[in-house]
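Asks: Construct the complete structure from the given sequences, taking the supplied hints into account.
Number of protein chains: 2
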Amino acid sequence: MIKTINDLVLKAKEIETKTLVVACAADEHVLEAVEMARQEDIVNPILIGNKTEILGIFKQHNINESNYEIIDERDKPTACLEAVKLVSANNGYYLMKGLVDTSVILKAALNKEFGLRTSNRISHVSVMEVPTHDKLLYMTDGAMNIAPNLDEKRQIIENSVKIAHAVGNKLPNVGIICAVEKVNPQMEATLHAADLVKMNEDGIIKDCIVGGPFAIDNAISVEAAKHKGITNPIAGNIDILVMPRIEAGNVFYKTMMFLASAKSASVIAGAKKPIVLTSRADSKESKFYSIALGALVTNL
Amino acid sequence: MIKTINDLVLKAKEIETKTLVVACAADEHVLEAVEMARQEDIVNPILIGNKTEILGIFKQHNINESNYEIIDERDKPTACLEAVKLVSANNGYYLMKGLVDTSVILKAALNKEFGLRTSNRISHVSVMEVPTHDKLLYMTDGAMNIAPNLDEKRQIIENSVKIAHAVGNKLPNVGIICAVEKVNPQMEATLHAADLVKMNEDGIIKDCIVGGPFAIDNAISVEAAKHKGITNPIAGNIDILVMPRIEAGNVFYKTMMFLASAKSASVIAGAKKPIVLTSRADSKESKFYSIALGALVTNL
Numbered sequence: 000m001i002k003t004i005n006d007l008v009l010k011a012k013e014i015e016t017k018t019l020v021v022a023c024a025a026d027e028h029v030l031e032a033v034e035m036a037r038q039e040d041i042v043n044p045i046l047i048g049n050k051t052e053i054l055g056i057f058k059q060h061n062i063n064e065s066n067y068e069i070i071d072e073r074d075k076p077t078a079c080l081e082a083v084k085l086v087s088a089n090n091g092y093y094l095m096k097g098l099v100d101t102s103v104i105l106k107a108a109l110n111k112e113f114g115l116r117t118s119n120r121i122s123h124v125s126v127m128e129v130p131t132h133d134k135l136l137y138m139t140d141g142a143m144n145i146a147p148n149l150d151e152k153r154q155i156i157e158n159s160v161k162i163a164h165a166v167g168n169k170l171p172n173v174g175i176i177c178a179v180e181k182v183n184p185q186m187e188a189t190l191h192a193a194d195l196v197k198m199n200e201d202g203i204i205k206d207c208i209v210g211g212p213f214a215i216d217n218a219i220s221v222e223a224a225k226h227k228g229i230t231n232p233i234a235g236n237i238d239i240l241v242m243p244r245i246e247a248g249n250v251f252y253k254t255m256m257f258l259a260s261a262k263s264a265s266v267i268a269g270a271k272k273p274i275v276l277t278s279r280a281d282s283k284e285s286k287f288y289s290i291a292l293g294a295l296v297t298n299l
Numbered sequence: 000m001i002k003t004i005n006d007l008v009l010k011a012k013e014i015e016t017k018t019l020v021v022a023c024a025a026d027e028h029v030l031e032a033v034e035m036a037r038q039e040d041i042v043n044p045i046l047i048g049n050k051t052e053i054l055g056i057f058k059q060h061n062i063n064e065s066n067y068e069i070i071d072e073r074d075k076p077t078a079c080l081e082a083v084k085l086v087s088a089n090n091g092y093y094l095m096k097g098l099v100d101t102s103v104i105l106k107a108a109l110n111k112e113f114g115l116r117t118s119n120r121i122s123h124v125s126v127m128e129v130p131t132h133d134k135l136l137y138m139t140d141g142a143m144n145i146a147p148n149l150d151e152k153r154q155i156i157e158n159s160v161k162i163a164h165a166v167g168n169k170l171p172n173v174g175i176i177c178a179v180e181k182v183n184p185q186m187e188a189t190l191h192a193a194d195l196v197k198m199n200e201d202g203i204i205k206d207c208i209v210g211g212p213f214a215i216d217n218a219i220s221v222e223a224a225k226h227k228g229i230t231n232p233i234a235g236n237i238d239i240l241v242m243p244r245i246e247a248g249n250v251f252y253k254t255m256m257f258l259a260s261a262k263s264a265s266v267i268a269g270a271k272k273p274i275v276l277t278s279r280a281d282s283k284e285s286k287f288y289s290i291a292l293g294a295l296v297t298n299l
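Chains as they are written, first to last, in numbering that gives the first Met the number 0: chain S, 0 to 299; chain C, 0 to 299.
Treat the hints loosely; a few may be bogus.
Any copy will do: because identical chains look the same in the list, a pair fits if it lies in one copy or spans two.
In the DSSO-like style, the derived pairs of lysine-lysine whose C-alpha atoms are separated by at most 27 Å in a straight line are [as the list claims (entries may be wrong)]:
| id | residue 1 | residue 2 |
| --- | --- | --- |
| 1 | Lys181 | Lys262 |
| 2 | Lys134 | Lys262 |
| 3 | Lys2 | Lys134 |
| 4 | Lys75 | Lys271 |
| 5 | Lys271 | Lys205 |
| 6 | Lys283 | Lys181 |
| 7 | Lys262 | Lys12 |
| 8 | Lys283 | Lys225 |
| 9 | Lys50 | Lys169 |
| 10 | Lys84 | Lys111 |
| 11 | Lys283 | Lys271 |
| 12 | Lys134 | Lys84 |
| 13 | Lys283 | Lys106 |
| 14 | Lys262 | Lys283 |
| 15 | Lys75 | Lys181 |
| 16 | Lys58 | Lys283 |
| 17 | Lys225 | Lys75 |
| 18 | Lys181 | Lys106 |
| 19 | Lys84 | Lys2 |
No wet-lab data here; the hints were simulated from the structure.
Replies: Laid out in structure tokens, this is it:
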């Protein structure tokens with residue numbers, strides 16, 4: 000059972016080494032994280048971007064150039080397209096964003112001709128470890144989907160369930176997070192919760208157990224759930240927290256990272272291959288964890 | 000400078016003792032918290048409710064009956080109305096909810112004839128202390144206002160600013176929390192943020208400095224704000240976090256309490272007097288802190 004981010008990294012080391020293609024790779028923290036993952040045999044890296052700048056960063060950090068395949072491409076949209084083409088064409092490859100706007104790499108990734116698009120919506124999934132909780136918490140979506148409707152939430156759940164499967168949780172408990180635990184017609188999120196639970200019961204949403212509405216307390220604390228008289232057997236024991244809107248998800252992620260001393264790994268799910276799309280503010284370690292998570296998801 | 004919940008309690012002990020009227024007082028944890036506040040000279044309590052049950056709880060917890068004025072009233076709506084009448088008529092009195100549904104006490108509190116209603120909207124404000132942050136964080140509203148519009152957010156801010164003033168922060172930094180730091184027409188919360196900042200610049204929202212949109216990281220971490228290139232002088236140094244909707248506020252509150260080891264004190268603001276309206280799940284300590292906060296707010 001994978002209970003920590005470290006367990007997740009160990010599992011990523013055990014599987015076959017994947018090929019990570021980094022688009023616009025000339026980013027110091029990205030390259031440091033990629034080098035960490037390469038040293039751990041998690042990835043073989045292919046870097047696409049400004050080769051002069053990449054080699055400059057290598058020199059600064061004593062990274063040995065001979066371990067890397069570097070494709071010199073200074074135009075960012077072109078670098079992204081080349082990276083996506085490589086990933087799309089090759090099994091065991093996945094994609095990471097370097098120093099380029101998210102919109103540019105996503106445009107390339109979702110290119111209809113040779114991109115990574117599927118019929119599914121793409122969404123952001125974080126796997127989080129926090130000292131106050133005894134297992135990993137998955138959270139979606141605090142970064143990409145602003146105000147998903149019911150069917151979009153179904154897809155967001157399905158994407159996150161695949162990530163949990165990749166990490167080793169074969170039947171995750173999915174909690175639809177709201178401000179309250181009861182359906183309230185004035186709160187759309189609670190209506191979505193009831194519908195998503197039904198879709199799970201009806202076999203539309205598979206390979207997981209969906210419950211809700213839950214508030215955070217009764218999603219993650221059995222004691223809090225008992226206190227509120229909630230009898231749902233998965234109450235207090237949720238693996239995947241599905242947020243009502245981007246604001247709640249973003250608030251959760253950042254409160255965990257900045258005020259609860261959490262560690263996290265994140266990927267974009269729902270495309271043919273996972274996309275590692277860390278933000279500049281993420282630490283080197285956080286980027287490394289996300290690369291490890293991406294390797295596991297590529298392994299599916 | 001009040002930097003911790005303990006400082007807040009010390010300040011409540013220093014001011015003149017207030018009279019706390021507890022409606023439907025026969026609740027074990029409420030009475031324990033009230034007794035703590037009485038022992039600290041923060042409150043003189045008046046209890047309205049089922050006297051037999053109240054005395055039963057007193058016996059169980061060795062609470063001395065002679066320190067209490069008890070009004071025997073077994074009908075809950077009547078007990079609430081009597082409590083509200085007392086508070087409304089007397090300076091230095093404030094209200095606390097005991098064992099009664101929130102809707103019942105709020106109906107009494109907002110009674111037009113003798114209630115505590117003002118022209119302002121009522122809202123929930125929490126004051127939180129967390130080991131990872133060096134000052135108190137105020138948060139509003141994760142409990143009462145579902146999806147406030149712009150003018151309702153103005154009132155929610157004004158209510159919270161009064162609470163900060165009561166605690167001793169005379170010019171709080173107010174951060175309008177969103178999922179991003181830039182105005183995005185697809186995210187209504189960011190448009191509200193821009194409008195609320197302008198209303199503050201124009202002198203409509205007073206006695207505070209409003210900034211935003213902020214995400215949680217750049218609201219509470221100067222380093223994170225610098226990293227994102229945010230030059231707003233209050234970035235990273237927010238006192239009052241104004242949440243876009245009830246879900247984000249509730250997620251923040253519960254993540255802080257259940258995953259970040261926070262302490263909190265909360266009151267309902269915007270009525271003539273503060274209303275202490277803790278939930279059953281709150282600890283005795285949390286209820287005590289809320290009573291102390293209520294005493295400070297009553298002191299305004």
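Asks: Next, verify each hint and record whether it holds.
Replies: Okay, the hints, checked on the actual structure:
Taking the shortest Cα distances, Lys181 and Lys262 sit within 27 Å of each other only across copies (26 Å), while inside one copy they are farther apart (31 Å). For the homomeric pair Lys134 and Lys262, the shortest alpha-carbon distances inside one copy (12 Å) and between copies (23 Å) are both at most 27 Å. In this assembly of identical chains, the alpha carbons of Lys2 and Lys134 lie at most 27 Å apart only when taken from the same copy (5 Å versus 32 Å across copies). Only within a single protomer do Lys75 and Lys271 lie at most 27 Å apart by alpha-carbon distance; the minimum there is 22 Å, versus 59 Å between protomers.
In this assembly of identical chains, Lys271 and Lys205 lie within 27 Å of each other by CA distance solely inside one copy; the values are 19 Å within and 52 Å between copies. When the C-alpha separation of Lys283 and Lys181 is checked against a cutoff of 27 Å, the pair qualifies only between copies, where the shortest distance is 25 Å, while the shortest distance within a copy is 41 Å. Proximity of Lys262 to Lys12 under the C-alpha cut-off of 27 Å is restricted to the intra-copy arrangement: shortest distance 18 Å within a copy versus 40 Å between copies. For a Cα distance limit of 27 Å, the shortest separation of Lys283 from Lys225 across copies, 17 Å, qualifies, whereas the shortest one inside one copy, 40 Å, does not.
Within a single copy, Lys50 and Lys169 get their C-alpha atoms no closer than 42 Å, and across copies no closer than 54 Å, so neither meets the 27 Å cut-off. With identical chains, the CA atoms of Lys84 and Lys111 are at most 27 Å apart within one copy only, with a shortest distance of 11 Å there and 68 Å across copies. Taking the shortest Cα distances, Lys283 and Lys271 sit within 27 Å of each other inside one copy (26 Å), while across copies they are farther apart (51 Å). Taking identical chains as interchangeable, the C-alpha atoms of Lys134 and Lys84 are never at most 27 Å apart, the minima being 37 Å within one chain and 49 Å between chains.
In the homo-oligomer, the alpha carbons of Lys283 and Lys106 lie at most 27 Å apart inside one protomer (25 Å), although the nearest pairing across protomers, at 53 Å, exceeds that limit. In the homo-oligomer, the alpha carbons of Lys262 and Lys283 lie at most 27 Å apart inside one protomer (11 Å), although the nearest pairing across protomers, at 31 Å, exceeds that limit. Taking the shortest Cα distances, Lys75 and Lys181 sit within 27 Å of each other only across copies (23 Å), while inside one copy they are farther apart (48 Å). Taking the shortest alpha-carbon separations for Lys58 and Lys283, only the intra-copy value of 18 Å comes in at or below 27 Å, while the best inter-copy value is 58 Å.
For the homomeric pair Lys225 and Lys75, the shortest alpha-carbon distance between copies (25 Å) is at most 27 Å, but the shortest distance inside one copy (53 Å) is not. For a Cα distance limit of 27 Å, the shortest separation of Lys181 from Lys106 across copies, 21 Å, qualifies, whereas the shortest one inside one copy, 39 Å, does not. Taking the closest pair of Cα atoms, Lys84 and Lys2 never come within 27 Å of each other, the shortest separation being 35 Å inside a single copy and 54 Å across copies.
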